Structure formats: structure tokens, C-alpha cells
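S.K.: Spelled out from the first residue to the last, the chains are:
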Amino acid sequence: MGEDYSNNESFFWDKNMTQVIGSLLVSGALVILHIIFVANLLRKTNLLSPMIIHFVSSGVNLVVLLILKDIGIPLNLWLSISILTFGCASVLFLFGALYKSLSIRQLLITNMNGGRISLDLLDSNVTQASFSERAELLCKLGLVGRIGNGYAISEAGILLAQRIRTIRKILGITTNGLYGNNK
Amino acid sequence: MKIYNIFNKFYLSYWNPPGERFKLFSLLILAFWCSFCLIYSGSNKGDIDWVWIWIAGDLYILSAILVGFMFWSVLCWGFTLSMLLCLEKRKNVESLQSWQVEYAGAIGIRGLSLDRASILISFGFSSIEGNYLVLSKRGRSWGRIIQIMSRFFGIKI
Numbered sequence: 048m049g050e051d052y053s054n055n056e057s058f059f060w061d062k063n064m065t066q067v068i069g070s071l072l073v074s075g076a077l078v079i080l081h082i083i084f085v086a087n088l089l090r091k092t093n094l095l096s097p098m099i100i101h102f103v104s105s106g107v108n109l110v111v112l113l114i115l116k117d118i119g120i121p122l123n124l125w126l127s128i129s130i131l132t133f134g135c136a137s138v139l140f141l142f143g144a145l146y147k148s149l150s151i152r153q154l155l156i157t158n159m160n161g162g163r164i165s166l167d168l169l170d171s172n173v174t175q176a177s178f179s180e181r182a183e184l185l186c187k188l189g190l191v192g193r194i195g196n197g198y199a200i201s202e203a204g205i206l207l208a209q210r211i212r213t214i215r216k217i218l219g220i221t222t223n224g225l226y227g228n229n230k
Numbered sequence: 121m122k123i124y125n126i127f128n129k130f131y132l133s134y135w136n137p138p139g140e141r142f143k144l145f146s147l148l149i150l151a152f153w154c155s156f157c158l159i160y161s162g163s164n165k166g167d168i169d170w171v172w173i174w175i176a177g178d179l180y181i182l183s184a185i186l187v188g189f190m191f192w193s194v195l196c197w198g199f200t201l202s203m204l205l206c207l208e209k210r211k212n213v214e215s216l217q218s219w220q221v222e223y224a225g226a227i228g229i230r231g232l233s234l235d236r237a238s239i240l241i242s243f244g245f246s247s248i249e250g251n252y253l254v255l256s257k258r259g260r261s262w263g264r265i266i267q268i269m270s271r272f273f274g275i276k277i
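Residue numbers (this note's numbering), protein chains in the order written: chain L, 48 to 230; chain U, 121 to 277.
Watch out, some of these pointers could steer you wrong.
In the DSS-like style, the derived pairs of lysine-lysine whose C-alpha atoms are separated by at most 30 Å in a straight line are [what the hints assert, rightly or not]:
1) L/Lys-216 to U/Lys-209
2) U/Lys-143 to L/Lys-216
3) U/Lys-211 to L/Lys-187
4) L/Lys-187 to L/Lys-216
5) L/Lys-187 to L/Lys-147
Simulated from the structure, these hints should not be mistaken for lab results.
Since we're looking at a predicted model, the values are computed, not measured.
Please put together the full structure from these sequences, using the hints given.
M.R.: Below is the structure:
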């Protein structure tokens with residue numbers, strides 16, 4: 048790359064409509080590529096954690112963008128990276144909501160049940176299932192141990208919980224994990 | 121001391137609802153960026169295409185808000201995190217049921233279900249009719265869209 052930003056070209060911004068159009072097209076295409084790449088990997092492998100897949104794909108697309116700029120395609124980096132960042136962040140946010148949200152799971156199960164579900168069924172099929180799933184996860188992470196039918200927090204769990212409490216205190220968060228109690 | 125008390129009262133009582141606080145500061149940052157662009161675009165006309173700088177900056181800020189909200193919402197309402205904090209308070213529970221009671225209050229699992237359903241109700245997706253959760257027309261169409269998206273991302277329901 049010729050690093051000569053004299054006269055009419057600046058590193059930060061070059062007033063050039065070709066570059067703007069190039070950025071919109073290339074970044075849009077890369078965001079679509081990111082979505083396809085992530086969806087395919089998520090469906091086909093269980094080896095990598097979903098978050099790693101998202102970050103790797105975002106990074107690969109960023110590198111592709113830089114290579115395209117380097118081989119001389121008219122691109123404005125400030126604009127194209129912003130579009131790519133926003134696309135990747137939106138996909139991550141959407142995936143996170145679909146992956147873990149209990150409310151969305153309730154919506155899905157109710158919809159599959161014909162749009163109407165009894166609260167008992169909702170309790171057992173959605174909430175209870177998610178609760179025991181997460182209890183299992185906490186056990187697997189070594190934060191919680193099992194005692195017969197019951198559960199007890201481990202040393203590592205106490206340490207992590209205290210750290211989280213400190214962060215919450217600094218940020219002034221006093222919620223108790225329910226939406227109803229938003230204080 | 122007095123100033124600290126005023127700050128504390130202001131910050132921790134008036135601004136306490138964390139969702140509202142997050143919304144307010146996101147809007148403030150966006151407003152700051154917009155006014156920055158407005159002021160500086162006036163002082164060097166012609167050299168720079170401020171519209172695109174402004175749009176790109178907005179996109180960066182929105183991305184940061186999206187990722188930030190993921191962490192913020194987990195800290196405030198995260199399910200697994202709240203379970204851990206509940207258990208830390210009690211140290212041990214006799215069964216899953218008592219853990220749920222510790223989390224959601226006396227009605228336990230039903231309280232949790234209703235609490236998570238309340239967000240669907242506030243979006244107009246569903247309503248509670250007697251002993252049933254019933255989806256509205258909007259809820260059903262969004263349910264279909266979300267189902268397709270979940271399948272696209274390979275999420276098992």
C-alpha cells in the first residue's frame with residue numbers, strides 16, 4: 048500500500064463516492080458471508096463453542112476485508128469495518144437471545160403446541176427443564192456439588208459468586224434475577 | 121459527605137432500574153456523538169464527508185451497545201448467574217424445588233414461568249387466560265419467524 052496521504056487523500060477519510068459504494072457492497076456481502084459461515088459451523092460441529100465460532104468468523108471476515116483493501120478494491124476502512132462490526136454484533140446478539148432466553152423458549156414451545164399451552168405444561172416442559180439443565184451445568188463447572196437430592200455450593204462457587212456480587216455492587220445492580228423485581 | 125449522599129441518593133434510588141439506566145446512557149452517548157459531528161462538520165466543510173463518518177460512528181456505538189447489553193443483562197437477570205447467587209446465600213438446598221423457591225419466592229417454579237412470560241405479555245405476544253398461556257396473532261407470527269431462525273442456527277428446541 049502506498050502510504051501517501053498528502054493533498055486530497057487522508058488516512059481517516061477520503062472524499063470519494065466510489066469508496067463509499069464499494070464499502071457498502073463489500074461489507075454487506077461479508078456480513079452475509081459471516082451469517083452463512085456461522086450457521087453452517089453451528090449446525091455441523093459440536094467441537095467448538097458457539098461463541099468461539101462467532102469470534103473466529105468475525106475475525107476471518109475482517110482479515111478478508113483488509114486483504115481486499117490491500118489488493119486495491121476501493122474501500123473506506125472506517126465505514127466498511129463499522130458495517131462489518133455492526134453486522135457481526137447483531138448476529139451475536141440475536142444468536143445469544145435464541146440460544147439461552149427462557150422467554151423465547153416459552154414462545155417457541157407454545158407456538159409448537161398450537162398457540163395455547165397450560166401453565167402446568169409450561170412449568171414442566173420449559174421452566175423445570177431449563178432449571179435442571181442449568182443446575183447440571185453448574186455442577187459440571189464445579190461451582191455446585193450434589194448431596195443426595197440436594198445441592199450445595201462449592202468453594203469455587205462461593206469465590207465466583209462473591210466476585211459477581213462485587214461487580215454488581217460497583218455497578219449499582221440490586222436485581223434478584225426476576226424481571227418483575229426491576230429494582 | 122453531603123455531596124456523596126446526594127450522589128448516592130440520585131444514583132442508587134432514582135436511577136436504580138438497571139434497564140432504564142442502560143437505555144438512558146446509550147441514548148446519551150449517541151446524542152453526544154451526533155452533536156460532536158454537527159459541531160465539527162461546520163468547522164471544516166468540504167474536506168470530509170461527515171454524513172458517512174456520522175453513520176459509521178453510529179454503527180460502532182450501536183455494536184458496542186448490543187454487546188454491552190449482553191453482559192449487562194446477564195449481570196442483572198442472568199438465569200444461571202442468579203441461581204448461583206441464590207445458592208450462595210443459602211449455601212445448600214434440600215432439593216431442586218427449594219432452590220426454585222429460594223429464587224422465585226413462595227410459588228417457586230410457577231413464579232419463574234410467569235416472570236419470564238411477563239416479557240412476552242409486555243411485547244403483546246401472549247396473554248394469560250385462566251390456566252393457559254395463549255399467543256396473540258403477533259405472537260404466533262413471531263413464533264414462526266423465531267422457529268425458522270433457531271433452525272437456521274442449528275439450535276435444538
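S.K.: Next step is simple, just say for each hint if it's right about the structure.
M.R.: Results of checking the hints against the structure:
1. L/Lys-216 to U/Lys-209: Roughly 16 Å separates the two Cα atoms, so the pair holds.
2. U/Lys-143 to L/Lys-216: Given that 30 Å is the threshold and the Cα spacing comes to 19 Å, the pair holds.
3. U/Lys-211 to L/Lys-187: With a Cα-Cα distance of about 18 Å, the restraint between U/Lys-211 and L/Lys-187 holds, given a limit of 30 Å.
4. L/Lys-187 to L/Lys-216: holds (27 Å)
5. L/Lys-187 to L/Lys-147: holds (17 Å)
Hint compliance for this structure: no hint is broken.
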